[in-house]
Structure formats: structure tokens, C-alpha cells
Amino acid sequence: MPKRKLTPKLKSFLKENRFKVRQADYAGDALQYLQRLRKSAKAAKKRKESTAKVGNVIIPRDSELYEVLETSAAIKGETVAAFIRKNKKAVQALMTDGRIVMQRETSYLINDINRLPKRNKIYINEVETGRGDAIYTVQNFTSQAMHYTSTVVVMYEVSYDLTGNMYINIPQLEEFDDLVEMIEEGDMDEDDNELLDFLNDMEGVVVVSSPKKSS
Amino acid sequence: MSKRTSLLRGNNGRAFLTYLKEIGVPFEMICSNYTTVFKIDGLERKFVNSMQSKRVFACFAKIKSDLKKKAIPVIDYEQLRYFVHDFKKNEHIGDVINVDMKSAYATILYNDGFIRKETYEYICKGPKQERLVAVGMLASKKQHFVFDKGKIISNDEIVSDTANFFYYAVMRTAEIMGQLKKLCKDAYLFTWVDGIYLRPDVKALERIEKYITSIGYPYSTEWLRDFSVRISSKQATVDFLKMVKGEWVKKPFNLPLVNTEFKRLVIEAILINSKSKNNETILDQISKGKSK
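Protein sequences, first through last, are from chains S and P.
Read in order, the letters of the first sequence are residues 1 to 215 in my numbering.
Read in order, the letters of the second sequence are residues 216 to 507 in my numbering.
Chain P on its own, in the form it takes in the complex (with noise of 0.2 angstroms):
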């Protein structure tokens, strides 16, 4: 087969896919955030966001390596937080901490004993960015389409073997920021990935530290200055201001709203009763619901 990379620059992809559509010939296309793949008749043509350093695929490599001889963990998905706030109305707060853990992903492969010790020292002497892509291909998803005459005819998933070891590292980063805002008590503001923002109380910053100290996971600190909450329909604006390179400078950040536990359970329950009457009885649905 013939394969082509291409960074995805002006329309070219957008382009591609029109004209393969106009033609009418069948062909598949692979597509992720970062990436589109079409396949037609023995030629290949890729089309990426931007090209990774060849470091990237060794790092992945060789946790892929550690990985293959590791039982893969449960993970339930929807359990899964990115994220915790509970603002609900404008606020201006000031100064506001915070804490950022350093490699978290990484660090929780090697601490909980997925990947060796020389993988952890490899991954860690690269750039951050290099790092969150290199541990980010564990989870690789691809929505894969099959067209004809111009139309998708069927679609399917392909999700990673590994996706799973991705997971747990989002699922213990959860629980130890859980474990954090815990600590910081009435200080705490908000949770995003594995950063915490809390009120300046020197106190809550020296438990939290000291606890991140004990469990082994590198942190690293800052302060921020005017920190404000805006609330509208959709989501929580959160501006900052933060020292880059010894100047003060606004960051955004919109944070989603939190679902609550009734939606997730009516949407649920919706999609149950819906089975059902496609000759599924609801008690089997519900123990089906449970035993994922």
C-alpha cells in the first residue's frame, strides 16, 4: 500500500475528503483529534495536526512494552472526573493558590508499578508536551467510517488495547486530588485534571503539600493574582492572572458544569425503558446497568 503523511495545512484534508465525496469512489476514513486517514484502493493518505519527534513514539513504545505484561485494570468510564467546582455565582476572590501536580500520568504508571523505572527517567527527560502525547496514545479512540457514492454507509470505534492503563492514571489522579480538596477544606476552589485552586491559607497549602511529599508525586506551585468566577447558562469562566516570565498575565479558563447525579440517572433510566420496548425487560436492563 502507498502511504503518505501530510500536516494538515490550508484545506488540504477538507479538500481531500470533498473530492473523494464528489467522486463517488468507496473509501474509509480513519479519523482522531490529531489525525484523518483515508484509504482508497491501495493508497493511503494521513493527514496530521502536527508531526510528533520521533522521542514521542519511543517513549510510547516502551511503556507499551511495560504494559504488555500487566493485568489490565476495570475501569468504569462514567465514573471518571476531569474535573469538580461548585461555583454557582459570580465571584471576585484575589489571590488563590495553586498546586499542579508534575507528570501525574506518568508518575502513576511508576508508582503503582505498570512501567519500569528507566521508562518513568526516559518519559521525564522529555518536554511536557512530549510527555502528554506519549502517555496520551495509551488511550487512542478512532472513529473509523466506511463511504460510498458520496454517503457513510457504517461507522465503527477502535479504541486502544491500552486504553484501559490510561484510564486508571485519570481515575487515581481523581482520587488523589479528591484526597486534596479534602485536605484543603474551606480553602478549596476548584479541581482540573491534576491542578487544585484554593484561598490563600498557608496552613491547607502545608497539609497538602506535605501529603503530596508522602505518597512520592513531584508538585510544583504558584501563586495567582485577581482571580475571579463568572457564571452564565453554559459554563464557569474562571480569569486569573499568573506570572509568566516575570510578568503578570490573564489566563481564561471556562470550566463545563457539573451533571448531576439526577440527569445521569433519568438519561439512564430513559435509554432503559426505551430497551425494554425493544423487548427488553427493565430489570434486566437495570442489572445489565450494574454489572458494567
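Chain S on its own, in the form it takes in the complex (with noise of 0.2 angstroms):
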């Protein structure tokens, strides 16, 4: 006669021998259970093994990147398969840099030091450096960018690794300061543009001037 009644103990028993029972021992209630208990553990299993295919190159669960595009599809409310399918290139470009990068005007980039977490790092020009110095380079930087020039906005290259730590590359950071320099000593004429023409070249930064000012 099969067991029909989900009693305590019954239950109890059937979650730990979910995969040892006969099905057709039980009925019912108990049935149902039995049923329910084998198939979330099919699932957790499926889901345990899962990986995300992109081209011909598997990305492991239990790596950053898979995380990465998990949460990213929870945040748009889709599956880890649709995003990657809707977003191929770019996560092909992420596999290979391993790095995102964002161009940030200066008050964002600076809110982004502000709320990265703890745990993780800031690299100007691949050093580390401490959250007040980061803020203070970048906004240095930009006051003098719109004291000296027509710049009215600085846009700064930022990247992320895939755990978080945030690089912020200015590799001319040291020739622009020694520029400024030039022309607080009065050996430069800040008038000439050379500044500007400087900063519309340099790696890292865009500059936005403004045209009325600009020649």
C-alpha cells in the first residue's frame, strides 16, 4: 500500500533518501513532495554544472567572468544565455582584455573612487593609490586643465578588472605637470594653445574646449 500521509518524520526521511525511495511506494501528499525534492535537486545540479558557451570558448561557473555576466543578466532581469547572445562582442572583447573601459567625466570618476568597495584597489598608471590621492590627482588635474586652457570638460580612462580594482592610466600625467610648471614660471604663454594641443593628444584623458575660446 503506498504512503500517502506527509507526517514530520516522513518528510524528514524522504529528504534525506530522496534518491534511494521507490517512487511508487508513496502517494499523495507524500508523492508530491518526493517528486518536488527530486526535482530541485536537478536543478541545483544542472545549475552547479552550467557554463556559458561564447563562439567555441567556455566560461566556467566558477569563474569571475561567469559571476560578472550572471549578475549582470539578474540586473537586466534575463538569462546568462540571452545576455551573452544580445551582447556577444563585447563580452568576446571582455574575455580577452579582462578589463572594462569607460571614459568618466570628472565629478562621476571621482563619486566612483568614493563608492568602490573597500576591498578593492585603485592603479593610477598601474601604482596603487590611496582613495584621497586618487581624488586629489584627478581633480588637480582637471582644475588646471580649465585654469591653463579652454578645456571646460575632462573626460579619464577608466578601467575595471573583473574583481573590481579600478586603473586609472594617465601615463603623460608627469610631461603635463612639468607643462603647467612651464607656464607658472612664466617660460610658457598659456595663450599659445600649446597646453590644449597637449591635452587633445594625450593618452588616457579627452578633453572637451570650449569653441568660443579655442582657435
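Since the hints were made in silico from the structure, they are not lab data.
Be aware that one or more of the hints could be misleading.
Said to hold, decoys possible - Here are the computed lysine-lysine pairs in the DSBU-like style, where the Cα-Cα straight-line distance is at most 35 angstroms: (1) Lys-396(P) / Lys-449(P); (2) Lys-400(P) / Lys-118(S); (3) Lys-236(P) / Lys-121(S); (4) Lys-366(P) / Lys-86(S); (5) Lys-356(P) / Lys-76(S); (6) Lys-449(P) / Lys-86(S); (7) Lys-396(P) / Lys-304(P); (8) Lys-76(S) / Lys-121(S).
All figures in this text were calculated on a predicted structure; none of them were measured in a lab.
Using the hints, put the two standalone chains together into the complex.
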């Protein structure tokens, strides 16, 4: 006679032995409970073993990249597969570079530095830098660009690795400081646009200058 | 407290900072894009890029007084857009039309009921630079650093409590520009803050002029020549000739690349994951992000 009533004792027994017992021995509530247990166990196993595939490359579930894609998909309310399908090229680029690069305007970048989780580090030109010093560097650079040229906006190239460390890349920072110093010492005229030309060609930043002032 | 304000000239600001760091005394430095203030034991030294007229402060005081009675708008900063373009390749376009909204932010604050007519008229009587500075003061943001023994020991941000009124004007400007973009159809080229650039399509120009007039905004229209776009890995550079005092003058203009939604989403995800490893669950973080 199949067992039908789902007593607490039976419930606990089924939970322990979900794949050992015979389904034919149960009916009614007990059978429904057993079926539910087996289904959720199978789904958990599948989830644990699941991987994402981009082109011919498999992204293992326990990788940082998979976690990032999974969270991105969750924010968007999509499955990982759908998210990858819709952003295939960008995901491939992320797999190659291991970093994601953005251009951020000064005040947004300062906000980003302030809200970066405590465990993450900030690097300026690949040198680990404290938060206060990073904000000071960015603010100081922007102020000087705006003071000595017709710059109205400075955007910085910022990248993040998959663990959330932030990289600000201003490779010609020292040359920029030298030019500013030349202007401050009177060795260069701030009106001759040399500093603005330098900024326009400088790696790691995009400056927008006022067309009304530049010539 | 003894206070002194100087223009940033030569290396006076930098030299003062270097001096304070070298002697190792504790001091505070508060800086924005335009000013740097040092506070050292009863002494305040302020360095400014340029001295503002009394009228600028009067404009700001009038705006601030009007805003006191208004509810602060809720703004999602990440959704603010200052520029839009879809330039992907080098291109010579030739003749181009530029339509600029005049006194856009002040007009928005007036049209949407944030400031009184007298205030608006007072602002509009001043030159462009004065208007920009007065309205821009609403969103003043300063970085505050505390130094000791020549090193930064703490820092925080001082944001004006009127900032959201300024960002409201930014948001409304972007909405209007979005509407103009739709009206331009295929003639659309790009948007920069309160100006739109389009191919010389007279019908498109008529549509956008009619729309701006209908919503009560002053604007100006200019014809530009020899408009071209160059794309590099970090920016799109736009060049054109503009009539200035009877002469065609070359104007270069850099446009940053547009960050894709994918990038924004992935960075958000990276930070959520990082925080979740700090004992906050991913779902907590996502719901926090949505409720912002």
C-alpha cells in the first residue's frame, strides 16, 4: 500500500533519501513532496554544472567572468545565455582584455572612487594609490586643465578588472605637470594653446574645450 | 578667522600647497574646478581662477532664495546626458546648421516654475559667462582633504544642497534635445548640451524651430561650413568653420565616445559582486541599485 500522508517523520526521511526510495511506494501528498525534492535537486545539479559558451569558448561557472555576466543578466532581468547572445561581441572583448574600459567625467569618476567597495584597490598608472590621493590627482589635473586652457570638460579613461579594482591611466601626467610648471614660471605663454594641443593628444583623457575660446 | 583671496597666478597656489606639505603642519584643503581654499589654524587662504563680479553672486542669491520654497527634484545622475552622437567613421559633411537654446538652464528653471520672473529677467540681462557661472553655482561640488605631516589623512565631498535643481535643468535640456533629435530625422548629426547640429535640411530646421518656439524657449541658429568628423580610439573630433565677426574661423571640438549600456551594466555587476563578497547578498545589492 503506497504511503500517502506526509508526516514530519516521513518528510525528513524523504529529504534524506530522495534518490534511494522507490516512487511507486508513495502517493498523494507524500508523492508530490518526493517529486518536488527530486526536481529541485536535479535543477541545483544542473545549475552547478552549467557553463556559458561564447563562440567556441566555454566560460566555467566558478570563474569571475561568469559571476559578472550572471549578475549583469540578473540586473537586466535576463538569462545568462540571452545576455551573452545579445552582447556577444562585447563579451568576447571582455574575455580577451579581462578589463572593461569606460570614459568618465571628473565628478562622476570622483563618485566612482568614493563608492568603490573597500576591498578594491585603485591604481593610477599601475601604481596603487589611496582614495584621497586618487581624488586629489584627478581633481588637480582637471582644475589645472580648466585653469590654463579653454577646457570645459575632462573625461578620464578608467578600467575595471573583473574583481572590481579600478585603473586610471594618465601616462603623460608628469609631462603635463612640467608644461603647467613652465606656464607658472612664465617660460611658456598660456595663450599659445600648446598645453591644449598636448591635452588633445594625451593618452587616457579626452578634453572638451570651449569652441568659443579656442582658435 | 583671517581670510584672504588671491587669483591663481604663476605658481602661487601650488607653491603654497608644497610649503604646507613640507613644513608638515595639519591643514585642510577644499578645492573645486575653480577655487582652492586652505585652512590652517585660524588662517584661510583662497585661490580662485578668476574673480567673479558682484552681479554673479547677486544672481545666485536670487536663484537660491526662490528655490528655498521649492521641493528638491529627484534626479538619477547616471541617466543625465550632456551629449549624444553616433559618429562611427571619418566623414566630410560640408554645410551644417547649429541650433542653440539661449540661456537654456535659466529658462528651464523659470518655465518650470522654480524661479520668479524678476529673477529670470535679472539673470538674462547679464552676459553669457555670468549666467553660466551663476546657474552653475547651484551644483557646486568641492573636495575636502585633511592633510597631516604632508599626507592626505582623510577626504570627503561637499555637495551644494541646490545641486538637484541644476541637474533638473540638465535633465530637461536633454529631454528637449531628444525631442529635437526626433524632429531632425535623418538630418541629425549630434547634440552637445543645449545645442543641436544637423545637415542643411530646411524642413527639419523649420520643424525644430517651430517646436522650440511652441514650448517657449529662445534660441539662435547658425550656419557652419566645412564640417568634418575624425574618429580615433578615444574620441570623435569635429571640425567646422564658423562666422565670427565677418570671418570664417576654424573651430575644433572633441566629443567623448559614448559608453555603451553593456559597459555600464558590467561595471555595476563587478561592483555588486565585489560588495557581495563583503557579506552583502547580490539580491540586496540589485534591489539597492534599483531603489537609488
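Which earlier hints turn out false for this structure, listed by number in ascending order?
Checked against the structure, the hints that fail are numbers 2 and 4, while the rest are satisfied.
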